[in-house]
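Per the working numbering, the sequence shown starts with residue 32, numbered consecutively.
Hints may contain errors.
Claimed, not checked - Here are the simulated SDA-like cross-link-like pairs (lysine to any residue), alpha carbons at most 20 Å apart as the crow flies: (1) 93 to 255; (2) 220 to 248; (3) 217 to 113; (4) 225 to 205; (5) 254 to 175; (6) 225 to 120; (7) 220 to 255; (8) 223 to 100; (9) 221 to 194; (10) 254 to 276; (11) 254 to 230; (12) 217 to 130; (13) 220 to 108; (14) 220 to 299; (15) 223 to 239; (16) 220 to 276; (17) 254 to 243; (18) 223 to 102; (19) 217 to 105; (20) 221 to 112; (21) 217 to 299; (22) 217 to 94; (23) 101 to 276; (24) 225 to 247; (25) 93 to 225; (26) 220 to 100; (27) 225 to 186; (28) 221 to 253; (29) 93 to 109; (30) 249 to 193; (31) 276 to 221.
What the hints assert, rightly or not - Simulated restraints, written as ranges between beta carbons of each label pair: (32) 230 to 136: 36 to 42 Å; (33) 190 to 136: 23 to 29 Å; (34) 233 to 280: 29 to 35 Å; (35) 172 to 94: 24 to 30 Å; (36) 136 to 231: 37 to 43 Å; (37) 222 to 280: 27 to 33 Å; (38) 183 to 94: 45 to 51 Å; (39) 89 to 190: 21 to 27 Å.
Calculated directly from the structure, the hints in this document are not laboratory data. Computed from a prediction, not measured in an experiment: that's the story for all the values here. Note that the Cβ used here is the ideal one computed from N, Cα and C, for glycine as well.
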Amino acid sequence: MALLKLSRNLLFPRLITSQAKLGYTNFHTIRKIGPKIITKTVPVAQFNSKRTYFWIFKRLTKREIRLADKPPPEYELIYRCTVDNYFLVIQYFGFFAVATVGFIALLGAHRFYMPPSPRDDLYIGDREILGQDPINVNSDETSWLLAAFMTVYCCIYFFVARTPVRIYYYPQRQKYLLYFYGAIPKQVKKLKLKPGELDHCESFFKSSPIAGHTYALKETGRKIILVDDYFRTTGDLYVLLGMQKDPNVTDFHYDNKEKKSDKKKSDEKKKLDGR
């Protein structure tokens, strides 16, 4: 009986290879035949599709991010939003949705302001129905639906426009480069900052999760949402806010300021002593 099974497996090895390709492994046949036939088959992992239905939400590597953002080579990545792909989907979906809503609104306005023509009158049997269209939607209902959709989209874009997807840092020059997604597809906005130009502020939505993560520019008052967990380290946030110096870089600006202040104090002391 064992010889018959062995001869069958040797004469029909395709059955084993097809089972291996489908992810099915027959351990009984492996023990009987040995590893010779199995080693010639293609590994199961190569047959798994690398692209799934959620490939657009795949997290990019640092190299792919730098190729997409194209920052100067001296800048290093210190902040990365983990939901940046969702923001990208909102950018594309919102643009086409708003364009569609605007087109529908224009058609509705044209139909609302234009008087009905005699051709719009319908005849059902012997009855005449003037100015009625069975597929016509109530204008008030359409207006409310469009207004509700635009309100939801504006609230979402209000959050996306204030949240940077990535922040790059140039340690030697003490400069920051913030990247934001715009309202148009493939539109990326940049903002340059220096340490100490941001200040913590209270959010308009005090009960929302972003209440403790809202910051504002001291000069313009523009609101920016920064999540602490998205920074490389907590110290990077403190350096950005100007609460501490960068311990890894010699800050020539602060050193020069301290030297100038010490020299000024010494000069004033000499003047007082001379008097």
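Status of each hint after checking the structure:
1. About 23 Å separates the Cα atoms of residue 93 and residue 255, which puts this hinted pair outside 20 Å; it is violated.
2. The straight-line distance between the Cα atoms of residue 220 and residue 248 is roughly 16 Å, inside the 20 Å bound, and the hint therefore holds.
3. Restraint check for residue 217 and residue 113: satisfied, since their Cα atoms lie roughly 18 Å apart, inside the 20 Å limit.
4. Only pairs whose Cα atoms come within 20 Å are accepted, and residue 225 paired with residue 205 is accepted, the gap being roughly 6 Å.
5. About 30 Å separates the Cα atoms of residue 254 and residue 175, which puts this hinted pair outside 20 Å; it is violated.
6. At most 20 Å may separate the alpha-carbon atoms for a hinted pair to count; residue 225 and residue 120 exceed this at roughly 30 Å.
7. Proximity of residue 220 to residue 255 is assessed by CA-CA distance (about 13 Å); at most 20 Å being required, the pair is judged to hold.
8. Proposed proximity of residue 223 and residue 100 is supported: the alpha carbons are some 14 Å apart, at most 20 Å.
9. The suggested pairing of residue 221 with residue 194 holds, with an alpha-carbon distance near 12 Å, which does not exceed 20 Å.
10. About 24 Å separates the Cα atoms of residue 254 and residue 276, which puts this hinted pair outside 20 Å; it is violated.
11. Of the pairs offered as hints, the one joining residue 254 and residue 230 holds, with about 10 Å between alpha carbons and a cut-off of 20 Å not exceeded.
12. This hinted pair checks out: residue 217 and residue 130 have alpha carbons roughly 16 Å apart, not beyond 20 Å.
13. This hinted pair checks out: residue 220 and residue 108 have alpha carbons roughly 17 Å apart, not beyond 20 Å.
14. For the hint linking residue 220 to residue 299, the alpha-carbon distance of about 48 Å lies beyond 20 Å, and the restraint is violated.
15. For the proposed pair residue 223 and residue 239, the alpha carbon gap of about 27 Å is over 20 Å, so the pair is violated.
16. With a C-alpha separation of about 27 Å, the suggested pair residue 220 and residue 276 falls outside the 20 Å cut-off, and the hint is violated.
17. A hinted pair counts as satisfied when its Cα atoms are at most 20 Å apart, and residue 254 with residue 243 qualifies at roughly 12 Å.
18. Proposed proximity of residue 223 and residue 102 is supported: the alpha carbons are some 12 Å apart, at most 20 Å.
19. Using a Cα cut-off of 20 Å, the hinted pair residue 217 and residue 105 is violated, with the two alpha carbons roughly 24 Å apart.
20. At roughly 15 Å between alpha-carbon atoms, residue 221 and residue 112 fall within 20 Å of each other, so this suggested pair holds.
21. Our distance criterion of 20 Å between C-alpha atoms is broken by residue 217 and residue 299, whose separation comes to about 57 Å.
22. Restraint check for residue 217 and residue 94: satisfied, since their Cα atoms lie roughly 19 Å apart, inside the 20 Å limit.
23. Distance check on the hinted pair: residue 101 and residue 276 sit about 27 Å apart at the alpha-carbon level, beyond 20 Å; violated.
24. With a C-alpha separation of about 13 Å, the suggested pairing of residue 225 with residue 247 holds against the 20 Å cut-off.
25. Distance hint between residue 93 and residue 225 is unfulfilled; the C-alpha atoms sit about 23 Å from each other, more than 20 Å.
26. Note on residue 220 and residue 100: the hinted pairing holds, with a Cα-Cα distance of about 10 Å set against a maximum of 20 Å.
27. A threshold of 20 Å between alpha carbons decides the hint, and for residue 225 with residue 186 the separation of about 29 Å lies outside it, so the pair is violated.
28. Restraint check for residue 221 and residue 253: the C-alpha separation of about 14 Å stays at or below 20 Å, so the hint holds.
29. Straight-line distance between C-alpha atoms of residue 93 and residue 109 comes to about 11 Å, which keeps the hinted pair within the 20 Å bound.
30. A hinted pair counts as satisfied when its Cα atoms are at most 20 Å apart, and residue 249 with residue 193 qualifies at roughly 15 Å.
31. Between the alpha carbons of residue 276 and residue 221 the distance comes to roughly 24 Å, so the proposed pair goes past 20 Å and is violated.
32. Checked against the hint of 36 to 42 Å, the C-beta distance between residue 230 and residue 136 comes to roughly 40 Å, which is consistent with it.
33. As the Cβ distance of residue 190 to residue 136 is approximately 24 Å, the hint placing it in 23 to 29 Å holds.
34. The hinted range of 29 to 35 Å is satisfied by residue 233 and residue 280, whose Cβ atoms lie roughly 32 Å apart.
35. Distance hint check for residue 172 and residue 94: the Cβ-Cβ separation is about 51 Å, which falls outside the suggested range of 24 to 30 Å.
36. The hinted range of 37 to 43 Å is satisfied by residue 136 and residue 231, whose Cβ atoms lie roughly 40 Å apart.
37. Distance hint check for residue 222 and residue 280: the Cβ-Cβ separation is about 22 Å, which falls outside the suggested range of 27 to 33 Å.
38. At roughly 36 Å, the beta-carbon separation of residue 183 and residue 94 lies outside the given 45 to 51 Å, and the hint is violated.
39. Distance hint for residue 89 and residue 190: a CB-CB separation of about 23 Å, consistent with the stated range 21 to 27 Å.
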